Amino acid sequence: MTIRPAFLALALLAPLAAQMPYKGFNPANLDTSVKPTQDFFQYAVGTWAKRTTIPPEYDRYGVDQEIDARTHQILKEIMEAAAMAKAKTGSETQQVGDFYASGMDEAGIEAQGLTPLKPLFARIDGVKDAPTLMAVLAELHQRWAFAAFSFGVEQDDKESSRYSLMLSQGGLGLPDRDYYLKDDAKSKEILAAYRAHMAKMLGLAGLDPKDADRVLALETRLAKASMTRVELRDPNAIYHAMSPAQLKAAVPGFPVDLYLKALAIPAPDRFVVRQPAFLAELGRMIQDLPADQWRVYLRWNLLRSTASALPKAFEQEDFAFYGTKLKGTTAQHPRWKRVMYAADSGLGEALGKLYVQRAFPASSKAKVLEMVENLRAALKARIEGLEWMSAPTKLKAKEKLAAIRVKIGYPDVWRDYTKLQIRPQPYVLNVLETRRFEFQRRLAHLGQPIDRNEWDMTPQTNNAYYSPSMNEIAFPAGILQPPYFDATADDAVNYGNIGATIGHEMTHGFDDEGRQYDADGNLKSWWTAEDEKAYNQRAELVAKQFDAYEPLPGLHLNGKLTLGENIADLGGLKIAWSAWKLSQKGKAPQSGVGGKIEGFTPEQRFFLGYAETWRTLTREEAARLRVNTDPHSPAKFRVNGPLSNLPEFFEAFGCKDGDPMKRPEKDRPAIW
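Just so you know, we're using the numbering used here here: the sequence shown kicks off at 1 and counts up by one.
Careful, some of the hints might be misleading.
[Unchecked claim] Calculated pairs, SDA-like style, for lysine to any residue (alpha carbon to alpha carbon, straight line, at most 25 Å):
#1 Lys544 / Lys656
#2 Lys186 / Lys210
#3 Lys325 / Lys118
#4 Lys636 / Ala69
#5 Lys128 / Pro290
#6 Lys398 / Pro669
#7 Lys596 / Leu582
#8 Lys656 / Lys186
#9 Lys524 / Ala534
#10 Lys666 / Val406
#11 Lys325 / Asp178
#12 Lys118 / Asp211
#13 Lys76 / Asp64
#14 Lys210 / Gly323
#15 Lys666 / Glu565
#16 Lys365 / Asn463
#17 Lys261 / Gln38
#18 Lys636 / Arg626
#19 Lys210 / Gln287
#20 Lys261 / Lys544
#21 Lys524 / Gly323
#22 Lys524 / Val406
[As the list claims (entries may be wrong)] Cβ-Cβ distance ranges computed for the label pairs, FRET-style:
#23 Ala193 / Glu77: 36 to 42 Å
#24 His556 / Pro244: 41 to 47 Å
#25 Asp184 / Leu582: 46 to 52 Å
#26 Glu532 / Ala402: 20 to 26 Å
Please keep in mind that the hints were generated in silico from the structure rather than gathered at the bench.
On a predicted model such as this, the values are computed, not experimentally measured, just so you know.
Ideal placement from N, C-alpha and C gives every residue a C-beta, glycine not left out.
Could you put together the complete structure from these sequences and hints?
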């Protein structure tokens, strides 16, 4: 892919940079009425929080949403231009343009009603037994309506050189099993609201609202059979390789052969079953629940999975529950942005290819790659210096670190969308076509070599990831912009911002889950028993720290649910600090008068830059949802939690024994 000259991309970004006169963090955000030794998060962003109101369309608002606003404006211009262009059929421009135009055709969507879905509803009406049920489930799954269970083709955890068919729990309309099973008042309130929401949606579709009770009963049974989010964090507990014969013996009532027949694929030599007990219960449900109850449940899943592409009444009711009730958001995103999210989901790399041509200078990629290698060197040095780890385990850790692959900006090989049939047609059909295409694209991986050029995020995504099976870290172009990364900022701030993010993703390879995968991405232990015990003791300290945090009255964090992310935050900061210090050897100081910039030493700017990445306000409803379901801790604790363990922070801001931001040495977990 040929990128436009860097000066064009920089010219485009110049107006955006003008909106951000500060470098990495804004001193105007500081709340100097709070001492940094008492509550660093409040000190670093408190004044910003006091003057900021969350816009009605967001459940949380902060630096991520500010970055997204710039990216989304570029994507909007791309989509609008594509919709006006007379592009060649099958080109990225044609596909993006026709998709966007169909999504913006509100009058057409209203006039069409549910007519585009009639063939699928007719198929559901024909469900009368196990064969017809499995056939319809296969049709719905291809359109991302993952009723009853989840299915996919993924890299095999224990044989990372192959793809395997995965079967796992799913089929719930609420974000987590606990919403169906907990007995507290808030959970009961949400469950009742969910039942009312289903009834309204069924009524809008001309179906019997009372059938919501039958759907809820079915989903509750699925929920009871599902593993908890903490249980799901154990990769060995959710890996069960089975031959077709073994699967049939383990879950005799689950007719997977009928499902595969409907997908027109032969039985593989092995399946990977994530939760055998769930599939066993599902098998019993297939045998003993009446067909009409399954039909009601399938209709609901079709409505729920397509609501955002249906007429306004459906879309608004869907938002009223999932947006307002669950997250506290009071207004929807504007229409163009909702269509953009759908395009990003279904045509992500087609849109991304057009995006990077406009908004990602090659110089950014080179600078970030340099930082990655500095962090790799820093982590290697830290591993070598660990007192609690034996030499054999250190050797394996360094082998894994050296093998980590790095992806920056965008794919080297773009996804081929030529077989995707996007055209002027009802919006919901274009949405379903992108889903069908993606399902079939992944299905085609079966029996093929692992595609190591494939990305799990689109180039425009403001995020990053580590893949344990690939043993790779990836940083899309969308995150590589101010304030996370600013090529004109001082190194201290950049290492505190994007450097800590790079370190975070790198540390995921060695967190409580990632450490169980070897250098080749196989779920295979490379630890001595003594080292594993020492690691777990230190990890338990991290979990205990975060168990004590109480973001809402009576609602504590779950230290085991958030353990991997908290280990990555703590390790990432340590590695970024070490890498920054290593990078300064032989360089002239970047500080100004008196060794400071804007009144702060480089060491202080490192930590202020880190806090800037978590400058966020969250609605109470969304905060409650995230505490219950999200493995990431809330922003405040992603700042104060790690920093209260770091001697480098204590020295930078003069923390003394007894200060809230300085934990006693015996309580500090020294892992990486």
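Here is what the structure says about each hint:
Only pairs whose Cα atoms come within 25 Å are accepted, and Lys544 paired with Lys656 is accepted, the gap being roughly 23 Å. Straight-line distance between C-alpha atoms of Lys186 and Lys210 comes to about 23 Å, which keeps the hinted pair within the 25 Å bound. For the suggested pair Lys325 and Lys118, the alpha carbons sit about 30 Å apart, so the restraint of at most 25 Å is broken. The hinted pair formed by Lys636 and Ala69 meets the criterion: a straight-line CA distance of about 23 Å does not exceed 25 Å.
In summary, the hint linking Lys128 to Pro290 is supported, as the alpha carbons are separated by about 8 Å, within the 25 Å threshold. For the proposed pair Lys398 and Pro669, the alpha carbon gap of about 21 Å is at most 25 Å, so the pair holds. The straight-line distance between the Cα atoms of Lys596 and Leu582 is roughly 19 Å, inside the 25 Å bound, and the hint therefore holds. Pair hint Lys656 plus Lys186 does not hold up; C-alpha atoms about 41 Å apart against a cutoff of 25 Å.
Proximity of Lys524 to Ala534 is assessed by CA-CA distance (about 18 Å); at most 25 Å being required, the pair is judged to hold. Between Lys666 and Val406 the CA atoms are separated by roughly 36 Å; this puts the pair beyond 25 Å, and the hint is violated. The straight-line distance between the Cα atoms of Lys325 and Asp178 is roughly 17 Å, inside the 25 Å bound, and the hint therefore holds. Among the hinted pairs, Lys118 with Asp211 is consistent with the structure: their alpha-carbon atoms are about 19 Å apart, no more than 25 Å.
Straight-line distance between C-alpha atoms of Lys76 and Asp64 comes to about 18 Å, which keeps the hinted pair within the 25 Å bound. In summary, the hint linking Lys210 to Gly323 is supported, as the alpha carbons are separated by about 23 Å, within the 25 Å threshold. The suggested pairing of Lys666 with Glu565 holds, with an alpha-carbon distance near 22 Å, which does not exceed 25 Å. Simply put, Lys365 and Asn463 have alpha-carbon atoms about 15 Å apart, close enough for the 25 Å limit, and the pair holds.
Restraint check for Lys261 and Gln38: not satisfied, since their Cα atoms lie roughly 62 Å apart, outside the 25 Å limit. For the hint linking Lys636 to Arg626, the alpha-carbon distance of about 13 Å falls within 25 Å, and the restraint holds. For the hint pairing Lys210 with Gln287, the CA-to-CA distance comes to about 24 Å; that is within 25 Å, so the pair holds. Distance hint between Lys261 and Lys544 is unfulfilled; the C-alpha atoms sit about 49 Å from each other, more than 25 Å.
Restraint check: the Cα-Cα separation between Lys524 and Gly323 comes to about 41 Å, which exceeds 25 Å; the hinted pair is violated. As the CA atoms of Lys524 and Val406 are separated by approximately 22 Å, the hinted pair is consistent with the 25 Å bound. A hinted range of 36 to 42 Å for the beta carbons of Ala193 and Glu77 is consistent with their spacing of about 38 Å. Here the CB-CB span from His556 to Pro244 is close to 44 Å, well matched to the stated 41 to 47 Å.
Asp184 and Leu582 have their C-beta atoms about 50 Å apart, which keeps the hinted 46 to 52 Å range intact. Distance hint check: the CB atoms of Glu532 and Ala402 are about 21 Å apart, consistent with the given range 20 to 26 Å.
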